[in-house]
Structures are given as C-alpha cells and as structure tokens.
Amino acid sequence: MGAHFSWNLVDDLRQLFEFPFMVNAFRAGTIVAVVAGVIGWFMVVRRQAFAGHTLAVVGFPGAAGAVWLGVSASWGFFGFCLGAALLIAALRPEGDERYGEESAGIGVVQAFALAAGFLFISLYRGFLNGINSLLFGSFLGITNEQVLVLLIVGVAALAALGAVARPLLFASVDPDVAAARGVRVRALSVLFLVLLGLTVAEVSQITGTLLVFALLVMPAATAQQLTARPAWSVAITVAIGLAVTWLGLAVAYFTPYPIGFFVTTFAFAAYLAATVARNGWRRPWRFKRARTLAT
Amino acid sequence: MTNAVLAGTAIAVATGLVGYFMVLRGQVFTGDALSHVSVTGALAALAFGIDARIGLFAATIAVGIGIASLGLRGKADDVVIGSVFAWVLGLGVLFLSLYTTSRSGGNGAAGVSVLFGSILGLSATRAYVAVAVAAAIVLCLLLMARPLLFASVDDAVAAARGVRVRVLDVVFLALVGACAAEATQAVGALLLLGLLAAPAGAAIRLTARPYRALVLSAALGVLAMWAGLLVSDVAPRVPPSFAIIAVASAVYALSFLARPRRRGSNASM
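Here the protein sequences line up with chains A and B, keeping their order. In terms of this note's numbering, the first sequence opens at residue 1 and continues consecutively. In terms of this note's numbering, the second sequence opens at residue 1 and continues consecutively.
Everything labelled a hint here was simulated from the structure, so no lab data went into it. Accuracy of the hints is not assured; some may be wrong.
Selected chain B positions facing chain A (in silico; Cβ < 8 Å) [unchecked claim]:
1) Phe29
2) Gly90
3) Leu141
4) Ala145
5) Leu191
6) Ala200
7) Gly201
8) Ser241
9) Ala246
Listed next, with one range per pair, are the computed distances between beta-carbon atoms [said to hold, decoys possible]:
10) B/Ser69 / A/Ala163: 36 to 46 Å
11) A/Ala243 / B/Ala58: 29 to 39 Å
12) B/Leu139 / A/Thr255: 44 to 54 Å
13) B/Val170 / A/Ala243: 30 to 40 Å
14) A/Leu123 / B/Leu254: 18 to 28 Å
15) B/Gly121 / A/Leu123: 11 to 21 Å
Where is the CB? At the ideal position from N, CA and C, for every residue including glycine.
For reference, chain A alone in the conformation it holds in the complex (with noise of 0.2 Å):
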C-alpha cells in the first residue's frame, strides 16, 4: 500500500484517508460498528450467541449461491440470513428447559448452510479465490451505493429495534414475568431474530462471514462487565465497537496484515481489561475454589 506511520499523527491522518477507497472503508466501518454493537447488545442480553454466530454464517452460502447464479452477492446475504432466522424461530421448543434440543437444531442448520456454500463453490468453477474473501471479508473497494444501502438497512433496523426496545429488554431479562403482564413475548423473539439476520446479512458483506460475529458479541460482552444500567451499556457497546473498528482500519492500513484480526484482538483485549477491572486478578481463582468447595 506504500504508507508508512509516522509519530507525525496529522501526518498519519492525512494518509489514511488520501484513498477515497479509505473514506468509504471507515463510513462503511462506522455504520457496521454501531448497528452491530446496538444489535448485539440484545443478543447477549438474550443469550442468543449460538443463534446469532449461525445467523452470521449463514451469508457465507447465500453469497455463494448468489454468485453462482449471476445476481447480486447482497440479495443472497439479506435473502438466506432472513431465512434462516424464521427457520430458527420454528425450531425454538416452547419450554426453556430443551436448549439442548433447540441448539443441537440451531447446529444443524449452521453446518449444512455451510455445507450447501461449499458446494455452491464448487459448481461454480474458478471462484475458489473469491472463498477466503467472502469468509473473511474485504474492507477494501467498497463503493458509495453500498455505502447508501448500509446505512439505510441500518437506520430501519435501529429504528425497528428501538420501536420494541423496552418491551423486548423486559421479554429478555424475565419472559415469565413479560408474558404475564400481556407482553407479547413469542412475537418479539421472531422480530428480533429477523433484525439480527439482517443486520449480520449488513454487516458480513463488509466484514466477511467469520467475523461479524465478533463485532456482535464482544463490544456488548465488554459493555455489560462494565455496568448494570442498560442505557450506559448500550452507549459503551457503540463506543468499544467504534473504537474498534477505527483503530482497526488504521492499523490495518499500515500494516500487511488484515483487518480481521486486528479488530478482533482490539475487541477482545477491551473484553479482557474489563474482566480484569471488574473482578481484579485473583477474582477468577478464589470463585473457582468456592465452586470446588460447593460441589
């Protein structure tokens, strides 16, 4: 890429965005970072990482299948994310007391959507090359419509979250209760599977399928380490994973190596200094004594 960092940090600034492929990079970035954040805060709320990582996946085989069908990759990202949330919707088991069950299904829909991206792949001769893109994604050569498109699928997806925002925070943190006082808990499990697979079918045409589920999970883990009180967690979700991904693109920009895995070691090293802030050093070693004890 020929730049080369400096300590002169205006001058490091001034080369970062000379490419107007830079610019959209970081607009791009900046949208995923804060839709992600904001989604994935509910979906550790709810516990819902296994759906929501199978959620990501899923794109893997819809771009596939999209490129070796001549149409768009974003029509198969948006059109098998969104199928696979109302797949996982039917299979959710009414009782709470079959995750197993329910995760050994989830599982199964996660390896064959990945199994049918493969074969895609292999119908489609000649795009081997394209796999490790797709499954890691590419910050780079991102254009101004899609960069029109995220932000509209991001601002209806917020806006659509925000609409159900506090009956949904009560459904997750007790459905019993939710239920019982008229809140309409089975439908808001379905509409938020729905925005989760949109946002990831969003996100992952940015961040390659592997890794949207960091930009899911770990700001919100972070988040939630730091304080109890929803609205400051959700602010603190957005801030880690804009933080994030910044440095990450600029780091990734002076260095040969990709983005992925600078974002996420940033991500999980915020995630390991909370952990470390909130429960000190020797935290981990005494609760697991008690545990011992206790059995």
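Got chain A; can you put chain B on it based on the hints?
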C-alpha cells in the same frame, strides 16, 4: 475411496458418540467454538510449516480443556465462549494471510481444504492414524459413559454420590476437542458441527433411552457418512463434505416427522 470409507466410518462413530453427550449436556455451542478453533490450529500449523494435524489436535484439545477448567459450561457462559473463539478466529485470519503471503506454493486451496475437508485425498497412513485416534476416543468415552451420563443428567446429585464431576467435565471437553480435530480431516473445520449435532439431535428425538440413543447416534452418523460418500462417488461434481452433511441434516429433519415422545415418561437407564 477405501481409505475414505475406512477413516470416515471411524470418524462418524466417534463423532456420533461424543455428539450424543454434547447435545445431552447442552454444549453444542462449545462444539461450534472448538470447530472454529480447529481452523486456527490448522492454519497456524500451515503457516509455520508443520503437519496440520499437530496444530489441529494441539489447538482444539487445549481450548477444550481451557473452557472446561474455567468452569465455563452450559448456557450462562455462551458470551465468554463466543468472545474467546471470535478472537481465536481472528488469529486464524492472521495465520491465513501469513501462510498465503510467505509461502510461494501456498494459495487459497490449502486453506479451503482445512475449512471444508478433503476426505477423498486421505492417504492410507493418514487413514490408519485417523482410525486409531477414533478408536482411542471411543474407548475413553465408553469407559466413562456411565458416570458421564449420570453427571450430564444431574450433576449435583452425581457429585453428592461421589462422581468426580469436574474431572469428567475436563476430560469430556478434551474428547470433544480431539473429535473436532479428527473430524476436520474428513469434512473440514466448518462442517464438523453437522456430524456432531445432527445424528445426536435425531437420536435424542427418536428415543428417550440413553444407551439406545447413543448407539443410534453412532449408527446414524455412519449412515450419513456412507450415503454421502456414495452420492459423491455417483455424482463426482458434488463434493463429499456437502453430501455427508446434507444426508445428516436430512436425517435430522426427518426425525421431526417421528411421533413426538414425552420427556421422562419411559426414561430408564
């Protein structure tokens, strides 16, 4: 093809048995995490130029033991598992780029075979090693099957009866890790979750008796493996990994047609 059938059968038996306990214990997400860890393990080994299998087994068994010994199990700790494996996958991306840029012979293809498997490319010695490892996994699992079942169904009562629940947790997740590394050779890191979850999920839906479900899970796994290999033999454009997972998923989907059983009504050991 002989090598593929031999190794595939052994791997299917091992994943079917381990997968049954994994589903029973509600640890499918841990299996998912370990499958992604195996991507990083294999790519790291490739990047440093050592045998991919060493990287695979080292990474998955180490992370399996790590998850178990931190006491991160079940529903409550999905977020921790998710954060850890998202980062491990990020490391995998780094190793992939190191591998593809540093080695002139390296291209996307080696990465793809880690991700999606290449069972038809197994040599005879690799197949024999895979069979031996699968046999060891099955043996370990059968030796601990009874206490593990007890601990999986009710760990508090099992602990009160003197079962060493913590030790079982650790050994079991080490076995899941070994199984994940083993299955990566057959169907690839991204698809092995299907071999772990689909036959076991179907078996649990079909029978409530633990030992019957255990045998059924292994049998369904072998069935999917054989049928998948047969399909890809008849139709060479269909990759075997896809055919195997497609059959396993179809078996799972069909199990929903079976009469829904009542939980606990006829459960017996």
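Worksheet item: Taking the closest Cβ pair, is B/Ala200 under 8 Å from chain A?
Response: holds (6 Å)
Q.
29 to 39 Å was suggested as the range; check whether the CB atoms of A/Ala243 and B/Ala58 agree with it.
A. Given range 29 to 39 Å: holds, Cβ gap about 33 Å.
Can you let me know if the beta-carbon spacing of B/Ser69 and A/Ala163 is within 36 to 46 Å?
holds (44 Å)
Quick check on B/Gly201 please, does its C-beta sit within 8 Å of some C-beta on chain A?
holds (3 Å)
Restraint satisfaction for B/Ser241 [CB to CB of chain A, less than 8 Å]: Holds. Min distance 6 Å.
Is the hint on B/Ala145 kept, meaning its closest Cβ partner in chain A is under 8 Å away? Violated, about 17 Å.
Quick check on the hint: B/Leu141 CB to chain A CB, less than 8 Å?
Violated: closest Cβ of chain A sits about 18 Å from B/Leu141, beyond 8 Å.
### Message
Is the interface hint satisfied for B/Gly90? The criterion is a beta-carbon contact with chain A at less than 8 Å.
### Response
holds (3 Å)
Cut-off 8 Å, beta-carbon criterion: hint that B/Ala246 touches chain A: holds (6 Å)
Check: Taking the CB of A/Leu123 and the CB of B/Leu254, does the distance hold inside 18 to 28 Å?
Finding: holds (25 Å)
Range hint 44 to 54 Å: satisfied by the CB atoms of B/Leu139 and A/Thr255? holds (47 Å)
Checklist entry - Measuring from the C-beta of B/Leu191 to each C-beta in chain A, is the shortest one below 8 Å? => result The hint holds - B/Leu191 has a Cβ within 8 Å of chain A, the shortest such distance being about 5 Å.
The structure shown violates the earlier hints numbered 3, 4.
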